[in-house]
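The listed protein sequences derive, respectively, from chains A and B. Numbering (the numbering used here) for the first sequence: 1057 to 1611. Numbering (the numbering used here) for the second sequence: 468 to 649.
Hint data in this document are derived by calculation from the structure and do not stem from the laboratory. Possibly wrong hints are sitting among the right ones.
[Stated by the list, open to error] Some chain B residues close to chain A (C-beta under 8 Å, calculated; not the full set):
1) A489
2) P509
3) Q515
4) A599
5) H601
6) T611
7) E614
8) P642
Only a predicted model underlies this, so the values are computations on that prediction, with no experimental measurement involved. Every residue, glycine too, gets a C-beta built ideally from N, C-alpha and C.
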Amino acid sequence: MSGPADPIRLPPEPPPKPRLWRFSGGVSPPYNKTMSSVHETTVARLPARLILPLHQHIGEAADPLVKVGDQVLKGQQIARANGYVSAPVHAPTSGRITSIAEYPIPHPSGLSALCIVVDSDGRDQWRERAPLGDQFAALEPSALRNVIREAGIVGLGGAGFPTYIKLNPGHDKVIDTLVVNGVECEPYITCDDRLMRERPSDIIQGLIIARHALQARQCLIAIEENKPEAIEAMRRAIEGLENFAVVPVPTLYPQGDAKRLIKTLTGKEVPSNGLSMQIGVVVVNVGTAAAIYRAIYHDEPLISRYTTITGTAVAAPRNLEVLIGTPIRELLEQCAADSSDLGELIMGGPMMGFALQSIDLPVIKTTNCLLALARSKQPPAPTVMPCIRCGACMDACPVNLMPQQMYWHAKAKDFEKTQEYNLFDCIECGCCSYVCPSHLPLVQYYRYAKGEIWTAEREREKADLARTRHESRQARLEREKAEKEARRKAKQAAMPQDMGQQGREAKQAEIQAAMDRARQRRDEAIARVQHQREPTPPASAAAPDGSRPDDDHQT
Amino acid sequence: MLAAILALGLLAVAFGLMLGFASIRFKVEGDPIVDKIDALLPQTQCGQCGFPGCRPYATAIAGGEADINQCPPGGETTIIALADLLGRDPKPLNPENGAVKPKMVAIIDENICIGCTLCIQACPVDAILGAAKHMHTIIAAECTGCELCVAPCPVDCISMVPIQHNILTWKWPAPPPDMRPG
Ligand code: SF4
Ligand code: SF4
Ligand code: SF4
Chain A
1057 MSGPADPIRL PPEPPPKPRL WRFSGGVSPP YNKTMSSVHE TTVARLPARL
1107 ILPLHQHIGE AADPLVKVGD QVLKGQQIAR ANGYVSAPVH APTSGRITSI
1157 AEYPIPHPSG LSALCIVVDS DGRDQWRERA PLGDQFAALE PSALRNVIRE
1207 AGIVGLGGAG FPTYIKLNPG HDKVIDTLVV NGVECEPYIT CDDRLMRERP
1257 SDIIQGLIIA RHALQARQCL IAIEENKPEA IEAMRRAIEG LENFAVVPVP
1307 TLYPQGDAKR LIKTLTGKEV PSNGLSMQIG VVVVNVGTAA AIYRAIYHDE
1357 PLISRYTTIT GTAVAAPRNL EVLIGTPIRE LLEQCAADSS DLGELIMGGP
1407 MMGFALQSID LPVIKTTNCL LALARSKQPP APTVMPCIRC GACMDACPVN
1457 LMPQQMYWHA KAKDFEKTQE YNLFDCIECG CCSYVCPSHL PLVQYYRYAK
1507 GEIWTAERER EKADLARTRH ESRQARLERE KAEKEARRKA KQAAMPQDMG
1557 QQGREAKQAE IQAAMDRARQ RRDEAIARVQ HQREPTPPAS AAAPDGSRPD
1607 DDHQT
Chain B
468 MLAAILALGL LAVAFGLMLG FASIRFKVEG DPIVDKIDAL LPQTQCGQCG
518 FPGCRPYATA IAGGEADINQ CPPGGETTII ALADLLGRDP KPLNPENGAV
568 KPKMVAIIDE NICIGCTLCI QACPVDAILG AAKHMHTIIA AECTGCELCV
618 APCPVDCISM VPIQHNILTW KWPAPPPDMR PG
């Protein structure tokens, strides 16, 4: 594959190159990485106020454990995981809870969601910590996963999937290979690169823990060839470890996509709709591995991360170690961004990131990069032209899809057809839009189509529920009618046989007789009273028959 | 004594018969085309189509007594789906049946509610909880937004509000239409 080794670039003898496979398609956009990657990471200033969304991960939002006014310590859990696919949230510093309410969160929708606001007290005081340290090796994998779950660790590469679930392949599956994703193929982003250079042993320790949880045989650390320093640092960190290898992979976007990476490393394809676990591989991001190490060896939950602050609007681009919840505005200030010339602010990279509506949003667990582009340096938006059916998109697609067909059907709102073309295998990498000579916003069409399909599915479910409820209501009403009828009939039937019409007449007569008696007594009583009044008896004398005038009330 | 035993026995028999009758009566005859049409209707059960629910409307369509453009909650999507199923041309919604509105959910102002149960009787999907003289409340997840409970309320404490999107129900909008050169 490679030519004769360059004697200057390779100081110590590198290990033999493992065989690699090539996924189809892919593009090589300008990487724009060095502007931030050459600078050492610095710790961002402690913000006065942190906003912590309860939904920073895939799955259910966390449940608050605190109320407004509570005092919290750094690392204290302030919201617990709600269900299996969920993750807790921790206070990134000590302070007071000043609000639990909806605030805008970093999300493509620009919508608000429930957040916990912590006003820092400036002391940054930790809660009591009890690190497991080397004892983790004595723990059952399930207990270890629980520690990782309680530490709120989610995939830091972008998706935010709860890590403890990834580390749980189920007892019927054997995991052969743990792949560590240090590829970082997306332009501008350098947080993983810096982390590998600065904290290689944290990552390796985290991997040893993850490997124990998975009982995996080997561990491959994949890094794109354009990061020689990171490759070097990681190679040094695994010296002496068995079944660990650093694998430099070709620089090609989207090499960092888990399924593409698995193909590159193993030649195996993960089935459509399938999980990598099915072929015995689990992929974790380097940042996630480091977070696992901090949770086990420092009892430190996921409360901070490396984030790249870069882009044409940023005068001093670099990586910052930031507390989750820090307002983006403060980070931009610390990197000397010109907010008066801010054209677009993107969370993530230019290929897969999404635009943020405001700089007052907080950093969340998945904020790997903040890309601030200067308005004055933005090229004019290209004119969107009709598709010329050139097929460039198809050649670029790393998933072997037919982007052009999906585009036509999505545009015509024929979503069923888009699914026939495997819309849901699309990883939204943006290669097709990138190469399209007509500048069609292809990925936007796929996201739109996916959203429409999901919404239709939800509505279908709701309609089915309504149908069932309506039907059971109809049945209930009919049943109630039937029961009423049955009761009426039963009552009628319950009367003794010989007392049909006759019995009813007898009863009528009885009632009549009772009423007559009552009237009679009443008349008698009135007559008595009148009789007593006429001769005016002595004041204290009782009536001669001993009865009292108010007796008639009793009739 | 004998009368009582007899009465209870008869009661039991009568109940059993009635229940059996109801279950047969309500067994949906497997009319496949009605089922297929009904599956495409939104099940709001609002009656705007002029029929007392979605299934009666489906039956009417199948019987050729109703057109396919009479369901406002379903809107264009439903009309296209029905046209597809029945091999007809789609047509715009009949304005006599109403207009397409955003999806709504009913809310009871619990301070005003007098617990009269009239809304419970009106709700086609039993989505209102409450007992006589006790405040009522709506199970939002089961409310179809049919508005049938609004009119019967004697104290006007039920209002319809549009369903708010949250980050879980939000979807990407359609891209802007392509521009032509020039
Ligand atoms: S690259 Fe663009 S113009 Fe070419 S076929 Fe694909 S969508 Fe059409
Ligand atoms: S966005 Fe989807 S269709 Fe386009 S290249 Fe990537 S995977 Fe293929
Ligand atoms: S108009 Fe209302 S009752 Fe009629 S089919 Fe549509 S949702 Fe069902």
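Comparing the hints with the structure gives:
A least Cβ separation of about 5 Å between B/A489 and chain A falls short of the 8 Å threshold, and the interface hint therefore holds. Contact between B/P509 and chain A, as hinted, is supported at the beta carbon level, the nearest pair being about 5 Å apart and thus within 8 Å. Checking B/Q515 against chain A: minimum C-beta separation of about 15 Å lies over 8 Å; hint violated. With 8 Å as the threshold, the beta carbon of B/A599 stays out of range of chain A, its nearest partner Cβ sitting at about 16 Å, so the hint is violated.
A distance limit of 8 Å between C-beta atoms decides the matter here; for B/H601 the minimum to chain A is near 20 Å, and the interface restraint is violated. At about 5 Å, the closest approach between the beta carbon of B/T611 and any beta carbon in chain A falls short of 8 Å, and the interface hint on this residue holds. A distance limit of 8 Å between C-beta atoms decides the matter here; for B/E614 the minimum to chain A is near 14 Å, and the interface restraint is violated. With its C-beta approaching chain A no nearer than about 4 Å, B/P642 sits inside the 8 Å limit, and its interface hint holds.
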